[in-house]
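S.K.: Protein chains in written order, with our numbering: chain F, 1 to 264; chain P, 1 to 264; chain V, 1 to 264; chain R, 1 to 264.
Don't read these hints as lab results, they were simulated from the structure. Check each hint, because a few of them may be wrong.
Unchecked claim - Some chain V residues close to chain P (C-beta under 8 Å, calculated; not the full set): (1) 130; (2) 137; (3) 170; (4) 173; (5) 175; (6) 192; (7) 193; (8) 194; (9) 223; (10) 263.
Just so you know, even glycine gets a beta-carbon here, dropped at the ideal spot from N, CA and C.
4 protein chains.
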Amino acid sequence: MYITVVFHKEKRGAERVARVISSMLAKWGAQYELQEFTEDGFSNPIGCDALIVLGGDGTILASIHALEEPETPVLAISFGRGGYLADVGPEEAEKAVTALIEGRYYVERLMRLQADIDGEHIGEAVNEAYISNQLVGKVVEFDLNVDNLSLQNLVADGLILSTPLGSTGYNSSLGGPLVDEELELIIATPVAPITNLRPLIFSSLKKITVACRRGPFSVLIDGGMRRGFKTGSVEVTKARHYTVLIRTSSTRLCERRIKKRLNL
Amino acid sequence: MYITVVFHKEKRGAERVARVISSMLAKWGAQYELQEFTEDGFSNPIGCDALIVLGGDGTILASIHALEEPETPVLAISFGRGGYLADVGPEEAEKAVTALIEGRYYVERLMRLQADIDGEHIGEAVNEAYISNQLVGKVVEFDLNVDNLSLQNLVADGLILSTPLGSTGYNSSLGGPLVDEELELIIATPVAPITNLRPLIFSSLKKITVACRRGPFSVLIDGGMRRGFKTGSVEVTKARHYTVLIRTSSTRLCERRIKKRLNL
Amino acid sequence: MYITVVFHKEKRGAERVARVISSMLAKWGAQYELQEFTEDGFSNPIGCDALIVLGGDGTILASIHALEEPETPVLAISFGRGGYLADVGPEEAEKAVTALIEGRYYVERLMRLQADIDGEHIGEAVNEAYISNQLVGKVVEFDLNVDNLSLQNLVADGLILSTPLGSTGYNSSLGGPLVDEELELIIATPVAPITNLRPLIFSSLKKITVACRRGPFSVLIDGGMRRGFKTGSVEVTKARHYTVLIRTSSTRLCERRIKKRLNL
Amino acid sequence: MYITVVFHKEKRGAERVARVISSMLAKWGAQYELQEFTEDGFSNPIGCDALIVLGGDGTILASIHALEEPETPVLAISFGRGGYLADVGPEEAEKAVTALIEGRYYVERLMRLQADIDGEHIGEAVNEAYISNQLVGKVVEFDLNVDNLSLQNLVADGLILSTPLGSTGYNSSLGGPLVDEELELIIATPVAPITNLRPLIFSSLKKITVACRRGPFSVLIDGGMRRGFKTGSVEVTKARHYTVLIRTSSTRLCERRIKKRLNL
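In isolation and in its complexed conformation, chain F is listed as follows (with noise of 0.2 Å):
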C-alpha cells in the first residue's frame, strides 16, 4: 500500500494535519510519500494506491489530474473555501484516516466528462469544461448539436459542460441546476447568452458537439487545464474514466453541496 499526501502550504493547518496523518499512515505500516501543492502544481505524475489531498478545490482537482492512474482513489480534506468535492473537514481528518485505515470506507464512482477538439482528445473534466473566447468580455458564436437537437447560432460569451458532481461548481454560479453528484447525466449552461439559451441537461450517453465559429477560442477544464484553438468542433462525452472518492463518514456529499452552495 503507498499513498501520497497532497497538502497546500499556504492553507492554514494543512501541513500541520498532513503530518499527524502521516504519522498515523507510518505506524499503521503504509508506504507514503508527503508531498506540498504549489501554484505550479505538480511536475511529475503522481503514482500511488490512494491520495490524500489536503487543501481547497483547487488543489483537490489539479492533484486528481496529476494522478498517473485516473483511478486511483481520493480521500480529500478540505481547507479554506469551496470544499465541493470534499466532506471530511480538517476536524474530521483523523476520524477518516483512521476509517481508511480499520477499513470502514468505501468508494464511490462518479462520471467525468470527456473534451476532444476536432478528434483531438483534450482532457477529462472532473467538473467542467468550459468553452469560450480566449478574451473576457468578447462573444463566441456557435451551435449546440445533440442526436436529437440542433440549436444554431447561439451567441454567448461561453458554454459550461458540467458534470454532476460540478453542478455545484460554475453551473451553479451561472443559474444551473444543483444535481446529486450520484445521477450520470450532462448539463449545458450558457455564460452570459446573448441569444436566448438557458441551461440544458442530457442523457450521459449522448455526444454535445460545440461547433465554435469567429475565434480565438479556449478549452478550459475544471478551471486549471487551457487549451487554445482558432476554429473547430468541441465534443463532449462522458469519459472513460471515474472520479473515485473514498467516503469514511456518514455525513453525505450530496447534502454537504448543496447546503454549501445554499448558504445555509
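Add chains P, V and R to chain F, keeping to what the hints say.
M.R.: Positioned in the frame of chain F, the structure of chains P, V and R alone reads:
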C-alpha cells in the same frame, strides 16, 4: 382497434381537422368516437386503444388523465399556445394519421411522477406536481427530505416537482433547466423562495418527501387536479405508469420543446 | 405626543419589550397606548403621532396600513423572520426608544405605489402590488403599457409591481434586483412567465397600466389586502403618501436589507 | 455644419446606404466626411458637429468613443445583430436623415458612467464597465462599497457596472433587469458569483468603490477599451459627459431595446 378523437371546440380549426381525421379512420376501417373537450373535462373515463387529441397542452393533459387505461398510446396534435407535448402541428395532422394507419410510427414511454399525501395516493403527473399555499401570495414552510439530503425550514410560495417532459412547463417559467424527455429524473424547483433555494435534480429512484407545516396547502397536478390539505407530508416518486406517446414524424420532440421554450 | 405601541403576541419576547418601551414612554411623559397585533389585524384605525411596532414584516405592514394618517412616523423593531423594514432588532430596542425620546433621530420618506382598477382606488403599497389569477397555478393574460413601451399578450402567473423598499421582498424572491430604498422607481417583475419577460425598471413618474384579460384576477397589496376582479386595467403609479420611517441608529437600512436577502 | 458618416464595411448594405446619405447631405449643402469603420477603429479623433453611424452596436460604441467632443449628437442606424443603441433600421435611414435635415428631431441625453482606478481616470462608459480577472474562468475577490452599504469578501468572475442604456447589454445577459434609458441609476451585476450576490441598483449620485484583491485584473469599457491592473480600487460614478442621441422617429427606443432583448 377503437380510437377516441378529442378536440377542443374553441381552438380554431380543431373541429374541422378532427372530422377529417375521423373520416380517414372510418375509411381505414377503425372504430372511432369523436369527443368534444370542454372546460369541465370529461364526465366518463375514455376507454380506447389509442387516443388522438387536438388542442393545447391543457386539453392534451386533461385527455390523458381521463384515460381508463393510463398507458393508452396518445397522438397529440397541437392547436394554440404551448404545444410542448405534441410534435405535430395542425398542418401535419393528416400526414401523422396516415403514418399511424400505415404502421409507420413508434411509441415513446416517458416517466411520470406520483404524489401521495401521508400515504394516500393523490394522482400521477405527466408534467408536474405543484405544492403551495392554497392562497396566491402566501408562503409555505416545509422540509425537503431525500435519502441523502435534508433541507430544513424552507420558506417559499411553493415547490414544483417536475418530470423531464414537464421541464419545459412550470419548471422553466421559474428558472429550472430544460431537460431531454428521454431522461428519467426528478426536478424540484422552488416558487418565490425566501430562504436560499434553487432548482435541484434527483434520481428517479429516490423518494422526495416534502413535510409541510402551517397550511392550508394544496397539491395541483398538471394544472388540473387540485387537492387541499391542512398539514402533512407529500411524497413524490416515479409513478407506476408511463406517458405513452405515439411518434410518427421525423420532427424531434426534444428540439421542438426546447426551441419553443427559448422562443427560437 | 401620543404614541401607539403595537406588538405581535406570538413573537417571542415582543410583549416584554413592548412593556419596557411603554414604561420608558410613561416616564418621559408621553401618552401611549399598547395594542396587541393578531392575525385579524386591527378593527379600528390607529390614530397617533408616532407608531412603534414590534414584530415581523407582516405585523409592520399591517400596522402601517391601519394608520389613520398614512404618513405617521413609524419606528419598526424587528422580531422574527424577515425584518426587511426595520433596522433595529430586539436588542437595540431600548437604545432606539431612548434616541427617539432624546430627539436623536431623523425621518426617512420612502415612496409608495398606488393601485387603481379601472379608475377606482384600491390602496397604497409600501412594498408591492401583486396582480395574479385568483387561483394558484393558473395564468393570466395581460398587456403592459407605459408611455414609451407596450408589451402585448403576455402570459404569466402574475406580475409584481414593487417599490425600492419592497425590492428585497417578493420581487427578489422572483429574481428581481435589490434596490437602494432611497431611489424612486417602479420595478415590474413577472411571476412564472410563459412568454419571455424579465424584471423591468421604470421611472416613478410613469403610469404602468396592466390590462388584464381572462380572469378572475386579484390584486394583493403588501401581502395583506386582496381585491378580486373579473377583467379590467390595473394602473400603478407613485402614491400620494410616503412611508415615513423613524431612523435612530447608525445601522444602514440598505445594507441590512441587502445582506439579509443575500444571507450574508 | 460638418457631419461625419461612419459605416461598417462588412455589414451588408451599410456602405450603399452611407453613400445615399452622403448625397442627401451634399444636396442639402452640409459638409460631410465618409469614414469606413474597421476592426482597428479610428486612428484619429472624429471632429464634427454631428455623427451618423451605420453598423452594429460595436461600431456605434467605437464611433462614439472616437468623438473629439464626447457630447456630439449621434444618429445611429442599426445594421446587424444587436442594435440596442439605435431606433432606426436600414429601411428607415433615408427618412431619418430627411427629418434631421428638415429639423424634425430632438436630442436625448443619456447618463454615462466614469471609471477610475485609484484616482486615475480610465474612461467613460456608454453601456458598462466590466471588472474581472484578466483570464477567463478565474475569480476575483473584492469588496463593494457605497456610502450606505458595504459588502466584504465577495468572490465572482467579475462585476459589471451598467448604465440604464447598457442594461439591455451585458447586464441582461447575466440576469440583470431591463431599465428605461431615461432613468439615471447605476446597476451592479455579478458575473458567475460564488458568494451570494445579485443585481443591485444604486442612485447615480453615489460612488461605487470596488476594492480588488488578488489579480491581475482588467476593466473593460463598452467591450472595447481594456485596462489591466494588479490591485487597487475601481471607482465608478456618473460621468461628466452624456451620450447624446439624435431621435427622429416615432419609434420608442425603450420599447425597441426591451422587445429586442426579450425576443418579442
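S.K.: Let me make sure I understand: some of the numbered hints might not hold for this structure. Which ones are they, in numerical order?
M.R.: none
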